[in-house]
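**Q** Residues per chain, in single letters:
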Amino acid sequence: MKCPSESPENGLLLEYCSGRLAPPAAAALDRHLESCPRCARECARQRAVWNALDLWEAEPVTPDFDRRLYRRLEAGRSAAWWRRIVPPSLLRPALPLAAAAALLLAGVWLQRPAGVRTAPPAEPRAQAMELEQVERTLDDLEMLRQFDLMAQKEAEPRRSM
Amino acid sequence: MPQRVNNSMGALAALVDDTELMLRVREGDHASFALLLDRHRKSVVHYLYRMVQDHALAEELAQEVFLRVYRSRTTYEPSAKFTTWLFRIATHLALNALRNGRKERNRESMDAESGEIPREYPDRSPSVEQAMVREATLDEVRKAIAALPDRQRAAVLMHKYEEMEYSQIARALNCSEGAVKSLLFRAYETLRARLAHLVEVKGGVR
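Residue numbers (this note's numbering), protein chains in the order written: chain A, 1 to 161; chain B, 162 to 367.
Bear in mind the hints are in silico, worked out from the structure with no lab data behind them. Some hints here could point you the wrong way.
[Said to hold, decoys possible] Straight-line C-alpha distance at most 16 Å; calculated EDC-like pairs for lysine to aspartate or glutamate: (1) B:K342 with A:E9; (2) B:K242 with B:E290; (3) B:K203 with A:D66; (4) A:K2 with A:E34; (5) B:K203 with A:E59.
[Unchecked claim] Stretch by stretch, here's where chain B covers chain A in the computed footprint (C-beta under 8 Å, at least three residues): (6) 29 to 40; (7) 64 to 71; (8) 98 to 106.
Built from N, CA and C at the ideal position, the CB exists for glycine as well.
Given the sequences, and given the hints that come with them, work out the whole structure.
**A** Written out as structure tokens, the structure is:
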């Protein structure tokens, strides 16, 4: 077999040392190692690294990990109820449009003439509306009175007959 | 009887693969999400811990991983192995956290909270000397791993501790299998050089 140390980047020795090499290939490498001190040394170094890494145990997961996660999930669900109504596909293009519309409105507001900016006082406008209503009511009453008179005139000749 | 029912339910659940569980989560089955969490919580937290070397930050990132899994359930398509997808998310978050320098900021804020929760450490009862040697060795290992470039570190951790195949690591790191082999070759070469002095005593690790 071709000496793995001559092309170490193919990872053959690494696979062998990590026990992932297929049995036939591992057996072939076993035989090679007996006659190749260079590969045997590389394997010893790699195994030492492997064993050192084995010593490093991670700390256990804290007992309330799930509780915290479910709390965050729940918070996310209640906070994003409106996202279910407005899909993100619609929301994404709508945001720049909304921003552009807001800018446009702000521009129109700032550009309009000074006289228009101040709204007319609300009280005189209300008074004008009340007067108009009174006039309409008086007109209606006058009309009803006319109808009443006409009805009386029609009734009189019948009585005389 | 309920115990036996629970056991058989657990045995049945063990037969269902991750992809199937995730498809059930997509249909709104919260119990399947709990099963996935139970299966992968430990490996994700440990992987992230070894990536960022800060337990509180690792757990925070792991929570973010599972939150993202849950949030993307409706768009989940089983195009890759579930664990590959999971570790792709985890790696992405870890690399971002390292890049943004969040580690230091979180250490300050989270260490204060960590005092609230008692942690259990395995009791190996070694002698004082053995414990000191072990701690020194571990310190060397941690430093050697931390000194690796981020992507090399991620590749080594997935290869060594998660026993992932080249193809899975490649998907998680979004690169080719050839690139993974190259990352691993360079990473282990660096580790062999840095940890060489641990080999000398009795032909093994001190």
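**Q** Now, for every hint given, state plainly whether the structure supports it.
**A** The hints, checked one at a time:
1. B:K342 with A:E9: holds (7 Å)
2. B:K242 with B:E290: violated (45 Å)
3. B:K203 with A:D66: holds (11 Å)
4. A:K2 with A:E34: holds (14 Å)
5. B:K203 with A:E59: holds (10 Å)
6. 29 to 40: violated (count 0)
7. 64 to 71: With 5 residues close enough to chain B, the hint holds.
8. 98 to 106: violated (count 0)
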